[in-house]
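Chemist: Using the sequences provided together with the hints, build the complete structure.
Taken in order, these protein sequences are the chains called A and B.
What the first sequence shows, in the numbering used here, is residues -18 to 766, in sequence order.
What the second sequence shows, in the numbering used here, is residues 26 to 260, in sequence order.
In case anyone wonders, no lab produced these hints; they're calculated from the structure.
Cβ atoms here follow ideal geometry from the backbone N, Cα and C, with glycine treated the same way.
Please note: incorrect hints may appear among the correct ones.
[What the hints assert, rightly or not] Chain B side only, calculated, beta carbon under 7 Å to chain A, not exhaustive: (1) V47; (2) Q48; (3) L83; (4) V136.
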Amino acid sequence: MSALDRKLGRDLWRLKGQVATIALVLACGMMALIMLRSTWQSLLAARDAYYTSYRFADVFARLERAPDRVAARLEAIPGVARVYPRVVEDIMVPLEDEPDPVTGRIITIPDDGVPPLNGLYLRAGRLPEPGAADEVVVLEQFATAHHLLPGAKLPAVVDGRLHRMTIVGIALSPEYVLAISGGAAVADNRMFVVLWMLRSTIAPAYRMVGAFDDVAIALEPGASMPAVLEAVDRELARYGGHHAVARERQVSNFALTMELSILENLAVVIPAIFLAVAAFLVNVVLSRLVFLERTQIAVLKAVGFSNRRVARHYLVLVALVVVIAAVLGVALGVLSGRWMTNLYSDFYRFPTRVFQVAPQVVALALGIGLVSATVGALGAVFRVARMPPAQAMRPPAPLDYRRTLVERLGLGRVIGPSGMMIVRELQRRPVRTAMSTLGIAMGVGIFIMGRFSYDSFDHLFDEQFTREHEEDMTVTLSRSHDGRSLGELAHIPGVSLAEPMRIVPVRFHGGARWRDGVVFGLPDHSALRHLFDHETVPIVLPERGLVMTDKLAAVLGLGIGDPVEVEVLEGDWSTRTLSIAALIHEPFGMQAYARTDWLSAALGEEPRVSSVLLRIDRDRLPGVRARLKNLPAVIGVSSTQSIIDRYRAQTGEAMLVITLILTFSAAAIATGVVYNNARISLSMRSRDLASLRVLGFTRREISTVLLGELGVHVTVGIPLGLVLGTWWARMFAMDTEAIRFPLHISMHTYAVAAAIALASGVASALLVRRRLDHLDLVEVLKSSE
Amino acid sequence: MPETVLVGRGLTKRYRMGEVDVQALRGVDIELFDGELMVLLGVSGSGKSTLLNILGGLDTCTSGSFGYRGIDLSGADEDELTTYRRHHVGFVFQFYNLIPSLTARENVALVTEISDDPMDPAEALALVGLEERLDHFPAQLSGGEQQRVAVARAVAKRPDVLLCDEPTGALDFTTGVRVLSVLERVNRELGTTTAIITHNAPIAAMAHRVITLGDGKITSVDAHPHRTPVEELRW
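Modeler: Listed below in structure tokens is the structure:
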């Protein structure tokens, strides 16, 4: 080992505090990159492999009832490779351990047990046997949530009659990677179950022998999707066919794809911000560090080392910092990536363990880390290497301090000589002041960026959502219920108010643009459902016309007073031209509202009730729930609170992981900046400070001179960081068709962000203060620098 | 007549120090002869360090030329100057400039590892009387010991020229004498051409030749046919 290598090792040890803080920041960037990118890639790869191996269909269509021979006609459509006709029926599952009825969906499989499309991955048990009535295979998510194993019984109301199904198998399906029914906004492992049954055993109950009401279709490679969709719609029109949808619009896949695209964005933006901050910090710190080494560099050059050799020496030092960071960053990245993927796997189910780290991702993280650190140090190394050694060995020329603005304003006497030293130092080194301040601001900003989604969710649910939804429960009625259901519900003891709601599935057309959504019909002056515009001003439903969410109107390119074509996706499938009376702002979905009486008249139908909103006396809730489970017309019950809880469960944990990581990183960055600045200032100014001590200044006074400067950096950096964080958060404020994520940052978050920076500042200052207290006056003054 | 090792002609140097324009050298002609021990005398600010730095390839001159054994180095680029320093020049500085993270032996080894025909670091340290302190770090050595390590580091590569900038400037009298006698011994035993900068006039008595510098110019050149032994120097 050469002497220079030994110097390297010992330098690394001497600078351990600084090396550790820089490496930590760099590691945070690498961790974020590896975690997010690997999670995204793993889920993407798992999805693609799953869809291919289990023959996930390309086209899905619902219809009323068609004889089996129609399937053959569908198969004859050019581009269609395979057709899987089936019976799909929504049922109610009155599970004993669940206060509310669970929404169930029966899907038939052929009697040989092997669906030609949307294959089942049997996790446990077996497929139903032909001839054995009431044998079912259930979706794994539900089975896990309720600890159900093969052999367990499951009550189900099939066509108005209670059956006790026997669970024989537990399975996964590419169609239900996410356990979500068409009607719900969010997945629910507890409250939604898919039951696969042999077609021969269940078709008679629905009068579907030799017929089907749902079809999945696989296309040949290169087939034209629009052409097939059109042909399928044409074929199924006379059988009550709804619009066929492509795989992209299939509910589970749509949600999964959206989650993946959010994750992909995060995987780009967060590491980019992180690594930029890390590169910036490494640059600031390493360039000063190298500059402090100028005398040693001069000696190395004086004894005959070339510029290249000297540069290499310091670059190896940087590389070692990167290696330390990489070990930490890769380890943390893999761990947190696995953790995050596991969280996702609770909701997004794949047959195999999905987490994998691609070597390219690790290489990318290493490469970016290395480049950012090297670029940081390179400038400083070359600046010093270029200096003639004689000049480098001389102490730097005294800086030309000037009278500052503070003095010219006559404040000099107020702040005293120590204050003046601080002010002049800040003014003399504007770039350093700006860089340090910006560094601290970035730490603060990253924290806010991490916390904001939390705040926004709280705001969304605690204020916005609860302001709009005053009902305690929404009861969904089956399609075939009779008009007495509303009365029955209203008379359940404990129900203080029952409001009928009509939900019409429609396709909105605005010129060439269209979107599928629903129109909610509400009673005049609904007491339970409230509408607000984007400034939270309440909107009263007008006598005529639709009240549309602003997002839907924007997507369709429509405004107040414009006509909108509304194609009803049920019943007579008619198309009406309605007008937009007002716009509202809602966080979820693509929908419009209207008064039920006007809506029925406009659509030319008898008034009907699809759902009922209930206000319930809180202490009589269990009784109401028990009654609801016994009403055959009820197919689902949801409460505002349960929607909030489910959404929190689905996204909350992943968000918690990200928040924790960002918090940790914010603290690392703030400490990295403040501590390194303090240490470097101490090295650069120890001679001045020792001179002051010799002149009779107390420790406290010289601390003020050194730490006062850092105090100013922190004090300016914090408000700047609050602004920066708000600006970054704005980039993440989601405005998608499914969800409008508001930008909301609580005072608490701002306060904690500021406190982290302040605490990091104080902790760093204390560490440096300890060194300052042990400043060896004679030694410092004796040495040449 | 001994061979000329180093020669400078019409050397000038101007640089800025903060806001001040410094004219450090104003046309200096100088030679350094093979095997001689030369003392460059002058008050502080007279330009002697600047001159030594230029002759040692640590700094460049504003105008004029200098050469080493007939090779003109005034237009040399960074790489050529590095090679020149690496193979031919040894430096001793007022503040030792040791690498604090390396032991005495390692500080010397730093140079011997990149030299063609170096001494063993231990041998070089023995030459300066530090055979007992090989594995001490600079912080564990006294100022005089540190300076002797610096001398060992400078001579270990067997340089043609040893350039010493105020080698006793930071040392007390006794320690200073010790360092000077090491330099004298190196000059005598190894025949290394040596230039010592000092503002301390009595030290000049140990030299073969004394060049006095004032305000950036040479004011006198004196040969000493009878040198004073180092032990007899007093200041």
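Chemist: Take the shortest C-beta to C-beta distance between L83(B) and chain A; is it under 7 Å?
Modeler: Holds, because the Cβ-Cβ distance from L83(B) to chain A comes to roughly 4 Å (cut-off 7 Å).
Chemist: Under 7 Å is the threshold here; is the Cβ of Q48(B) close enough to any Cβ of chain A for the hint to stand?
Modeler: Cβ of Q48(B) sits 16 Å from chain A, so the hint is violated.
Chemist: Classify the hint on V47(B) as holds or violated, based on whether any CB of chain A lies nearer than 7 Å to its CB.
Modeler: violated (10 Å)
Chemist: Regarding the hint that V136(B) lies at the interface with chain A, is the smallest CB-CB distance below 7 Å?
Modeler: holds (5 Å)
The earlier numbered hints that this structure contradicts are 1, 2.
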